[in-house]
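Use the sequences and the hints to build the structure in full.
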Amino acid sequence: MDTSQPTPIVAVENAGVHFPIGHGQVLKAVDGVDLAVMPQETFGIIGESGSGKTTLGRAIICLEKPSIGRILHAGIDPYSLSARELRRHRRQYQIVFQDPNAALDPRMTILKSIREPMDVAGDLPDRDRRARAVELMERVGLSPDFANRYPHELSGGQKQRVCIARVLTLRPSLIVCDEAVSALDVSIQADILNLFAELQAEFGLTYIFITHNLGVVAHVSDRVAVMYLGRIVELGRTEDVVLHPAHPYTEALLSAEPVALPSQLRPDKRVVLKGELPSPISPPSGCRFRTRCRFAQPLCAAQEPPWRETAAGHWSACHFAGELPIMSAAELHPHKQRESASRLGVHHE
Amino acid sequence: MSKRALRLIGSRLIQVIPVLVLATFAIFSLLQLVPGDPAAVIAGETATAERIEQIRHMLGLDLPLWQQYLHWLGGAVRGDLSNSLITGLPVLDEVMRRLPNTLLIVICALLLSIAIGVPLGILAATNVDGRIDRIVTSIASLGVAVPNFWMGMILVGFFALKLGWFPTTGAVSIFQDPATALWHAALPACALALSGIAEITRQLRSSLIDVLSSQYVRTLHAKGLSQSKILWHHGLKNVSLTLLTVIGLVFNRTLGATVAIEAVFAIPGTGSLVVASATNKDFPVVQGVVFVLVLIVIFCNLLIDLLYSALDPRVNKR
Amino acid sequence: MTGPFPVAIGGTAAGQAAPLLDVRGLGISFRNGPSAVQVTRDVSFAIAPGEVVGLVGESGCGKTVTGLALMGLLPRATSLVEGDVVLEGENLIGMSQRRLRQRRGAKISMIFQEPMSALDPVFTIGEQISETLRAHRSIDPREARERGIEALARVGIPEPALRYDAYPHQLSGGMRQRAMIAIAIVCEPRLLIADEPTTALDVTVQAQIVDVLGDLCSRLGMAMLFITHDLGLVAQTCSRLVTMYAGEVIEEGRIDDVLVSPRHPYTSGLLRSLPALAERKTRLPAIPGRVPALGEIPEGCRFRARCSFSRSPCEVSQTLDPVPPAALVRCCRHGELALKGVL
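Protein chains in written order, with my numbering: chain A, 1158 to 1506; chain B, 12 to 329; chain C, 290 to 632.
The set of hints was computed from the structure by calculation and includes no laboratory data. As the structure is a computational prediction, the values presented were derived from the model and not from experiment. It is possible that some hints are incorrect.
Just so you have them, the derived chain B footprint on chain C, three or more residues with Cβ under 8 Å [said to hold, decoys possible]: (1) 393-407; (2) 420-430.
In the DMTMM-like style, the derived pairs of lysine to aspartate or glutamate whose C-alpha atoms are separated by at most 25 Å in a straight line are [stated by the list, open to error]: (3) A:K1431 / C:D454; (4) A:K1222 / A:E1205; (5) A:K1431 / C:D373; (6) C:K570 / A:E1414; (7) B:K240 / C:E416; (8) C:K396 / C:E432; (9) A:K1431 / C:D519; (10) C:K570 / A:E1488; (11) B:K14 / C:D454; (12) B:K240 / C:D454.
Ideal Cβ placement from N, Cα and C applies to all residues, glycine included.
Structure representation (C-alpha cells):
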C-alpha cells in the first residue's frame, strides 16, 4: 500500500447491495462498484432512476448492508465494530435527503429537531446542546426566531436548511447529499449550493453529491462517477468527464440535459437514446448499456467491458473506450468554446 | 383458474382449522363461566344429587375440561357435531333446520343495505358539504348509534302491532312458501340493515370523494367527458373494489347481529338457538352453531377476496 | 438550429394577426369563506397558430393555475376567474359547461405532470383513448380502435396494438407519458397545454418526450403552451417565453432575446443563478429573499423587496409595457438597466 497517499474517507471495494424479491429473484440495486472518496473533496454521483445511486449513498453511510464486497470508512470496516462502537462511529457519516418535509417530524419544533442528534448522543450538557443548535441555525441562515416554530410554517428552502443544521450538530466528516436540492426552486437551489460550499470550507467537510441533474453536479463536484443499472460506467475529474466523456451513456446524458442557451449557442447534434431502461432484475448480458448504445457491437453482448483508465484519473467501462466518435467538447458545449475564445480575444462569427 | 386464485383458496383452507379451533375453544371456555348445570336440567327439579351425578357421568361432564373439548373436536372434524346434551338430538340437524331462517334475514338485510347505502353514498359524495350531504351523513350517524334490537322493537311496535302490515313474530321456510317467508323476514331485515346502510353509505361516500378528487379525474375533465360519464363509468368502477370489501364486513357483522334480532322477532334461527343453549350450558349445540357460522364467514370472505383479485387489474395474476 | 420544434409562424407578441389563443387580463382568485385570495392578476399573452410558447416561473407563481383556467378546469364553486381567454375567436370564460366540454380534448388539450396518477388505473390505455374520440366524434368502436392505435404509434410507443390493451401500471413512466400525450392529441387539437410534462421523468426519457412533442407540433400544426420551471427546457423547445412571478406576468419575449438580454431583474437573476452556466466551483449569484406568500403581497412592484435595482418609482403598481419589437416587461426601470443574461 502506498503510504504517501492519504486514506480515502470512503473506500467502496467491489460492493453490491442485493434485494431478494421473492420467487427466487434478486434485485441487484448496486452490483460491483469500486470507488474512493478523498477527504474534503466533493464527489458527485450521477445517474437516472434504476442506476442504484441512492442505494449506494445509503450503503456508504450504513443504512444498507453490502451484500457483497465492503465499504471502508477511513480504512475501517464499520460492520467489524461492535454495535455500540458502530453507533458512535456512524455519527461521522451523515445524510441529507431530498424531501425536507418527510425528513422533519411535524410535531417537533425546529430547535428540538436540530438538537435531537445531540440529545440522542448525550455527550454534551443540555445548555451546550442548545447553544450549538442555535449557533448552527444562524450559520445556515435561519433567524433564531425560528427556534420555536414548526416545520409547516417554513418554506421548502428553510426546511432544507434545518435538515443541514441538524446534520452538522455532531460534527460529521462526510455528508451524503441525496438529491438534496432537487425538490427546491432554482433560485433557492443556488442559495443552498452556496451554503454547502461555505460549510465545506469552514468545517472541512467531505461531500458525496448524488443527483440526476448534470448542471448541479458539474458545478459542485471535484470528481464525478456516472452510474447505470447498478454499475459505474465512467469516473474521473469533473472537467474531464463533462468535457471529454469516454462512455456513450455519459455522452447521452450530457446531450439530453437541456441548457438555457440561445439557439446560436446550442449544440447542433443531439444524441437521443432509443429504447427503455432494461429491468434491473435481469440486466442485459455483457455491457448493460448495449441495448441503448449507438455504438453497440457483438462483443458488447458477449463480454462485460473492462474497467480501464483511458487518461490519467479518468476511468470508463467500455470495450472501445477512447476509440469511439463520441461528441467532443466543442460539439457538446459550443458555448464554452466561444466563452474561452472570447476571453482570449478571438471572436467567432 | 389462475394460480393466484388457487393459492388464495389454498391459504384460506389452511387458515380454517386454527380459526375454528380458536373460536370454538374460546366459546367453550367462556361457557364454563355460565352458571347452571345441564345435568340438573335434564334430571328435573325433583332429582336427587345422586341422579344428577349419574347423568353427569353419562354425559361425560365429569371428565377434565380439556378432554371434553378434544372429544368434541375429534368428532367435529369428522363432520359429527355430537348431540345436544338436553334433547339428545344431533346438533347438525338442528342447526341445518334453523340456518335458512337466519340466512334469509341476513341476505335480505345485506341486499337492503346495498340498495339503500349505495345511492345514499353517491348522493352524498356528489354534493359534498352541501345540504344533501349533511342530511345523509346524519342519517348514517344515526344508523351507527341506534341499536338494531331497539330499532326492531320500534318497527314491530309500529308496523306490526299498530298498523298490522307485517307479522310480529315467527318465520316460514323459504323453501315451502317464498312469499310468506319474505313477508315474515321484512321487518327483521329492516332492523338488521340499519347499521349496514350506515356503514356502506359512509365508506362509499368517503371512497368516492377520494376518487373524484384524484388527478385522473382532472384528466377526464380535460378530455371533455361529461360529469355523469366520469361518475358512473369511471368513478363507480374505481370504488367498486372498496365497496366489495365493505360488503364483506357488513355481512360478517350482520350475521353476528342476528342474535338480538331473532330474540325480538322470535325467529327460530341459529341466533335464538345459540342463546337458548348457552343459557342451558348445552355446549355441543353452542359450539356446533359457532362451527357452522365460522365456516360460512370464511367461505364468504374467500369469495369476496377472489372477486376482488379478479376485478382489480393491478393485482398480479401470476 | 433548435431541434425538431417548428419556428413560430409569425410569432411575435405585438402586432399579432389573428392569434390562436389570446389571454387578456386573466385574474384568478380562490374563495376562502367570505373573503377571496387572489392568486394571479392581469395575466396576458397570446399564442399564434403552431407556435410553442413557454410559461416559466417558480413554484407558487401561478403558472399551473393559469393553465387550468385556460382549460376551465378550476373548481367552479371555489374559484373566481376574471378576464378573457379567446380561443379561435370564442371567449372561454363564461362559456357554458356543455360548450366548454365540446372544446376540451378536441380543440384544446392538456397533459399533466405525473402520468401514473393522471391515468385511470382500472381502465386500459385503449379504453381511455377511445372514450376521448367517442366523446367528440361519432365513430364506431372498430374505427376508434384503429385511430387509437395510430395515435399510440404517432407518439412513438413500440408495438402499439399490444399496448392498446395494457393498463397504466403495466407501462413505464416514459410510456405512460406518451400514452397521456396520445390521449390528448387523438382528436388533433389546435392547442396543447403541457404542465410540467417531463418533471417526473429521467433526463434521457425527457429528451425522448420533448422530441415527441416537437414532432407532433410540426406534423399537426399544433400550438403548445409549455408550462415549466426549467429554463433549459424552454430554451430547447419554445420560440417565445412568458415569465411569471408572484401571480403576475413580468416579462415576455423571443427566447433568444430574453436569454441573452433579459429586461426584468427577476428573469436576469434566475438565469444567472443556474449552476450549469456558471463557472465551476464558484459562488452562484442567488436572488436574496423569498417569494412573498399569498397573503403578504406587497404594494407596488412585487419583486421590489428582492431587487437590487429598486428605487422610489417601484413603489407604485407596475404595468406591463411593450418593448419593441416583440417584448413586454413589467418594470418601470427597464429602459435604464442593462441586465446580464446567460452569457
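task: List, from low to high, the hint numbers that the structure doesn't satisfy.
output: 5
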